[in-house]
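Protein chains in written order, with the numbering used here: chain A, 1 to 636; chain B, 637 to 970.
In case anyone wonders, no lab produced these hints; they're calculated from the structure.
To spell it out: a stretch of chain A is covered by chain B in this simulated footprint if at least three of its residues, at any positions, have a beta carbon under 8 Å from a beta carbon of chain B; those stretches are:
(1) 141-150
(2) 244-250
(3) 268-274
(4) 520-531
(5) 551-565
(6) 608-615
Owing to the predicted nature of the structure, the values given are computational and were not obtained by experimental measurement. Even for Gly, the Cβ is constructed at its ideal location relative to N, Cα and C.
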Amino acid sequence: MSRTTGCAHARLYASRSTRTPRWNSTMTGNRRPPFPVSRESLSLPRRHFVQGLAFAGLAGGSGLLRLPAHATNTGAAQVLAGTAFDLAIGASEVNVTGRPRSAITVNGSLPAPILRWREGDTVTLRVSNRLPDAPTSIHWHGILLPANMDGVPGMSFDGIAPGESWLYRFTLKQSGTYWYHSHSMFQEQAGLYGAIIVDPLQPPPFRYDREHVLLLSDWTDLDGVALYRRLKKSPSYDNHYKRTAGDFLRDAREDGLRPTLADRGMWGRMRMTPSDISDVNGHTYTYLLNGLPPAGNWTGLFRPGEKVLLRLINAGAMTHFDVRIPGLKMTVVAADGQYVHPVTVDELRIATAETFDVIVEPSGQDAYTIFAQDMGRTGHARGTLAMRHGLTAPVPANDPRPLLTMEDMAHGDHAGHGGGAAMEGGCGAAMKHGAEGGCGAAMHGGGKSPEAHSGHGNVDAVVHPPGEDGNPLVDMQSSPTGPRLDDPGIGLRGNGRRVLTYADLRSLFDDPDGRDPGREVQLHLTGHMEKFAWSFDGIPFASAEPLRLNYGERMRIVLVNDTMMQHPIHLHGLWSDLEDADGAFQVRKHTIDMPPGTRRSYRVRADALGRWAYHCHLLYHMEAGMMREVRVEERA
Amino acid sequence: MNRTIPVLAAALLLSCMPALAQAQAGCTPEHAAMGHCTLPKPAPAPVSASACPPEHAAMGHCTPAPAKPAAAVAADPACPPEHAAMGHCTPRGGEAQAPREPIPVPTDADRAAAFPPLHAGHAHGGGIHSLVHFNRFEAWDADPGTGQSWEGRAWFGGDVRRLWLRSEGERAAGSTHAADLEVLYGHATGPWWDVVAGVRHDFNPGPSRTWAAIGVQGLAPYKFEVSATAYVSDGGHTAFNAEVEYELLFTNRLILQPQLEAKLHGRDDPRRGIGSGLSSMEAGLRLRYEVTRRFAPYLGVTRERSFGGTADHRRARGEPVDDTRWVAGVRWWF
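Could you put together the complete structure from these sequences and hints?
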């Protein structure tokens, strides 16, 4: 296990790497003087933990070098621009919650520096590994490049051993907002992530006067390995919102006893919990905006009347964020780096690994709060758009915590119908070994759901792969009838705000390939909540064969979510062209979010040879097996 | 005994009530007509993949899609559609359409970059995990005397195959008068059940004894934790233990754990004070407070009753047949 970032080791390389300050040759951002880091509070008040420290950031361990994080509460980020870059991956001491911890950083910065490239340029990046004992890697998320530049150890290259470096070199065939992160073990959780901006050759189809990167992430003082072990021992560790006897009495009083018993019976037979919104939440995480916790109040400046482009990036390991700026409308102009027809919203959900470019026009107030609560409403990241530093605006309370409904679980329209005529049918979503549960109108074993039908080729009945049947790693199957693109999602429905949905996202361009898919591959997202096991089709990565694509072909992937969790699915190297409910090209993305109870389809143009990673971008789901290799080969 | 068991039974029965009141209805047309549910809508007719009206195209905003024939993929006998759909192969066949953006013709350099020689596969977090869990770790003060007992289990391994250790025991008046350890191989047979098989060793009471063990354990519907194990000893004795546990949340930290355990034996074993048939049942109620997830002190009450020959042995030795105890302990895991 020497590849892991054990705590003892982390401290070691914290002091070592900070003594090697030789990487600022291409740095164009301002270097700022060191700032104080509170160290006195060894006992950790909960408020510190959730809100973080006001002056959280990097603390130079040795005193020789005290590189500030880009988030110095001034709005100035460390930006590296050009075509040649030296990036040094090392460990740095950070203090987010009141306890000094070791983070994995690029050039001593958390988040890693913003990389500013230009479409058409060929960039070279020398990435050196200054960690003493762990191999590392950088993956350029959403960037089209040769497979050996993709940065996935064991697929694209061998990784970067300690003391060694790797020369990345590729030509940019696209523009927009992207990001980069480690693809080695849990290093992404430890801070190895940063923004990429690729400036377009042609002017963008919108105007703006100023821009800010808003990079969201989730920080934990726990080592990633320890958190993963904890998830395997106790997957619901962070779920402090299970329904209680008191909730039962309240629901029975409000909704009646029979519907309440029916509801509890349904969940009980499934052995599941409707408050399982995310596996890791604010009880473990402090949410960061540009590396700063809420108390740090990252601030971006504006002048009244300016159009401000905000480049939103979700670099979290396990978090969906719901972002809004009370008092401002956001006009979404790009998703995953690609232009979309502008759509104006109050709020948007950004899945892990997604990016959105939005334009806001602040005027009339001195300051606006950027508010990004996690999907489970257990915490938030926060910053401010202000006319000058030091201003703040009111910070909203977190929304009420949502509960999953039977509809979310693709139990269709049975939800809220519990008190009606009983015993008429099954529960729609088939529980494994349905006979045990009495919820046995099961669709497993290849049967066709009467609910799942459509005239279109990409939405015919749900047929579960035979490998799911009786599989110890598959605790649930569902029969979602459609993509539910116009559903704002759990916790966002009917909240009185205009919330972005996938149905709003339409590429500004037509299907760049234009061909109909020549074939269709259906993959089911599967898992077991109690074992914290995740997979495609019930087969974890370690025992799965690659999904093989013919070079040049146009094919369709249909994803069916057979779990109660939300999975952002990322395909490396190739675009994921999301289809609308009728199977037509709708929007080009690199990460497709899959809420529970959905089946969504997208077109893939296999125009890049090689072995590509394909996985859930929730870091611990990927680690637990929800990953495949997609291999694009030439026809023999 | 006479009071606790009915209370427990009522509690368990109550928990099962939802099964009786299951009210899941499919959406029949009659129901839909009454607004009780919504029938799935028939899908609208497929529209053209291109959303490029002529006005837009004329302004250069988009490029209209060429009229496309339906995907005509020649059948490939080596790769039937079922296989292709599972990603096992890719069918060959003429592609009727040409892509708008041409597919680049790969060069040898492209091929080399696409499939570099690698020395290792993609590393993952490792499949071996573990849990050590002391479900009961408690002391009591009752008639007669004081004592301590424990019940714990541990697993090591992956998601499907695990090595299980289970142990239970009791000390009173400074000496261990019952203790056993089971070492079992467990294999998940489905999402909720493991079959376990291995050995159990009794250190006390009486001379030590080794049993072969086979059983099942898992999570029953409604989240009852269940285990049932059958034993055969080296001397030809047989035994059967079954246990059910449940968790009732008053809050997310204050949790009541009812537990019910039964022990049966195949034949008399006077040296250990055991008679054949149902030898004892134990019911417990433990109310814990999770200070952290890993550490939860509790208070509880347990009642154990012996039956049949076992009860006779106890009476003969002047031990109570029916024993109620107040217990205090901690539940912890790592």
